[in-house]
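Chemist: What follows is the residue order along each chain.
There are 2 protein chains.
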Amino acid sequence: MNDNGENGQKKSSRRPSQERTAQRDPERTRAAILEAATREFAENGMGGARVDGIAERAGTNKRMLYHYFGDKEQLYLRVLEEAYVGIRTAERALHIGDRSPEEGIGELALFTWRYFLQHPEFLSLLGTENLHRARWLRQSVRLKELHSHLIGELSDVLERGKKQGVFVETADPLHVYLTIASLGYFYLSNQYTLSTIFGRDLIEPTHLNAWERHIVHVTLASIKG
Amino acid sequence: MNDNGENGQKKSSRRPSQERTAQRDPERTRAAILEAATREFAENGMGGARVDGIAERAGTNKRMLYHYFGDKEQLYLRVLEEAYVGIRTAERALHIGDRSPEEGIGELALFTWRYFLQHPEFLSLLGTENLHRARWLRQSVRLKELHSHLIGELSDVLERGKKQGVFVETADPLHVYLTIASLGYFYLSNQYTLSTIFGRDLIEPTHLNAWERHIVHVTLASIKG
DNA sequence: CCATCAAGTAACTGTTTAGTTACCGACTTG
DNA sequence: CAAGTCGGTAACTAAACAGTTACTTGATGG
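Chains A and B, in that order, are what the protein sequence lines are. Position 104 of the first sequence, counted from 1, bears residue number 104 in full-length UniProt numbering, the numbering being contiguous throughout. Position 155 of the second sequence, counted from 1, bears residue number 155 in full-length UniProt numbering, the numbering being contiguous throughout.
Mixed in with the good hints there might be a few duds.
Since the list can't tell identical chains apart, any single copy or any two copies may satisfy a pair.
Unchecked claim - Once the Cα atoms are required to be at most 30 angstroms apart in a straight line, the calculated DSS-like pairs of lysine-lysine come out as:
| hint | residue 1 | residue 2 |
| --- | --- | --- |
| 1 | Lys-72 | Lys-144 |
| 2 | Lys-162 | Lys-144 |
| 3 | Lys-224 | Lys-163 |
Bear in mind the hints are in silico, worked out from the structure with no lab data behind them. All of these numbers come straight from a predicted model, not from anything done at the bench.
All chains should be modelled from the sequences, with the hints used to inform the complete structure.
Modeler: Given below as structure tokens:
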């Protein structure tokens with residue numbers, strides 16, 4: 001298997017790196033398990049996910065999975081944490097405070113919708129976690145502080161809009177965020193039953209674009225003064 | 001389903017009565033299994049639900065479950081069908097066309113929110129079914145026709161509102177329904193993760209009432225002309 | 001150059017699970 | 001009342017499952 005034509009270089013001052021460690025690479029194995037687990041949990045939920053399935057997807061075996069992550073539940077929690085870190089990090093990079101209040105809210109709505117669209121596994125993990133009443137999320141120490149920033153930034157934007165008279169005084173940051181997230185989450189996560197019962201393929205680009213515009217419109221219409 | 005409410009009365013003048021049939025009552029056993037299955041599937045999803053768990057909740061055993069419903073998957077589909085029939089039946093009884101267009105839409109929004117609030121198992125089943133990409137719902141013959149009525153009625157109300165000049169011309173019946181359902185579904189089905197990450201108990205009556213008003217407000221604000 | 005330790009494999013274990021079979025007992029009917 | 005049917009019970013089976021153990025391989029450093 002090792003037809004790597006490179007010299008077997010040893011004793012370099014640096015850690016054995018990429019090309020050499022095609023066979024043995026703890027970092028990569030670990031990352032592969034995490035990614036495989038994300039897909040397995042997203043596709044099958046906590047009850048339906050199979051440890052063997054994750055190991056196979058990751059191109060390794062159960063022994064490594066238990067070695068790096070303890071057990072199925074701890075692995076699941078890591079997957080969930082990573083998913084939250086992913087969206088909140090990307091969100092922060094938006095800097096919605098740098099624009100006009102209306103543009104800022106519009107940008108947040110657009111970003112959220114597109115992030116949901118590109119990360120169906122995130123929506124799925126949220127659904128699974130809520131089915132279990134946030135049983136694992138509640139145990140997470142890392143995630144609580146991750147979210148105060150979002151509400152804080154959103155709150156600033158709304159305040160500015162209120163002072164400028166473009167937003168109503170009753171506009172609430174949590175309500176605004178929940179509105180944006182609701183409209184994106186439901187449409188995408190329930191697209192399968194909705195498409196079936198209403199006989200319209202919701203994932204078609206035309207409908208997708210119409211709903212994107214709808215989200216921005218509804219969000220702004222609900223707070224405009 | 002079987003509208004024969006009482007137990008099967010025979011041509012004999014003396015009917016097998018309550019105390020007699022405490023031991024044997026096919027209708028009740030069947031109904032008990034269906035209700036137990038609804039709870040088990042809602043709480044644990046398809047992958048997490050246990051056939052033994054359903055039998056135990058129903059106060060019977062697996063043999064009866066397989067006798068009446070075939071297997072786990074068919075039982076699940078029956079549960080899902082009944083859940084849809086439940087909401088669509090109650091919805092129909094609203095007769096939103098009997099009021100002014102604005103009141104009609106407002107009533108639909110209120111009804112949907114309150115139904116979701118009182119039937120968390122329905123939301124949970126939807127989530128499970130969508131996790132599996134409507135794999136079982138797609139097989140259902142009964143459910144397709146159930147939903148054309150909703151869109152039809154909603155469409156009439158919107159048309160009337162447009163003619164009266166209270167709704168914008170671009171208002172779309174599916175979008176209106178999706179807006180209402182989105183805002184209710186996300187808030188309730190994701191209440192556990194949301195309450196955790198935002199540190200606010202969303203199920204508290206104060207917040208519940210605020211969100212109810214918000215849904216009606218947002219829905220109408222998005223279509224008012 | 002060999003002792004050591006970490007990465008990795010694969011077979012195994014005890015338990016849980018969906019689904020089945022053998023049987024029971026009450027009621028109906030010919 | 002014999003025979004059959006239907007509602008119901010409980011023990012069983014084969015497969016799947018999460019988690020473990022015994023082992024191999026290969027790099028490193030004394």
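Chemist: Please sort Lys-162 with Lys-144 into within, between, both or neither, judging by C-alpha distance up to 30 angstroms.
Modeler: For Lys-162 and Lys-144, the Cα distance is within 30 angstroms only inside one copy (28 angstroms; across copies 46 angstroms).
Chemist: When no copy is specified for Lys-224 and Lys-163, does a C-alpha distance of 30 angstroms or less occur within a copy, between copies, both, or neither?
Modeler: Both. Shortest intra-copy (12 angstroms) and inter-copy (25 angstroms) distances satisfy the 30 angstroms Cα cut-off.
Chemist: At 30 angstroms max between alpha carbons, let me know whether Lys-72 reaches Lys-144 within a copy, between copies, both or neither.
Modeler: within (22 angstroms within a copy, 39 angstroms between copies)
In summary, the structure agrees with every hint in the numbered list given earlier.
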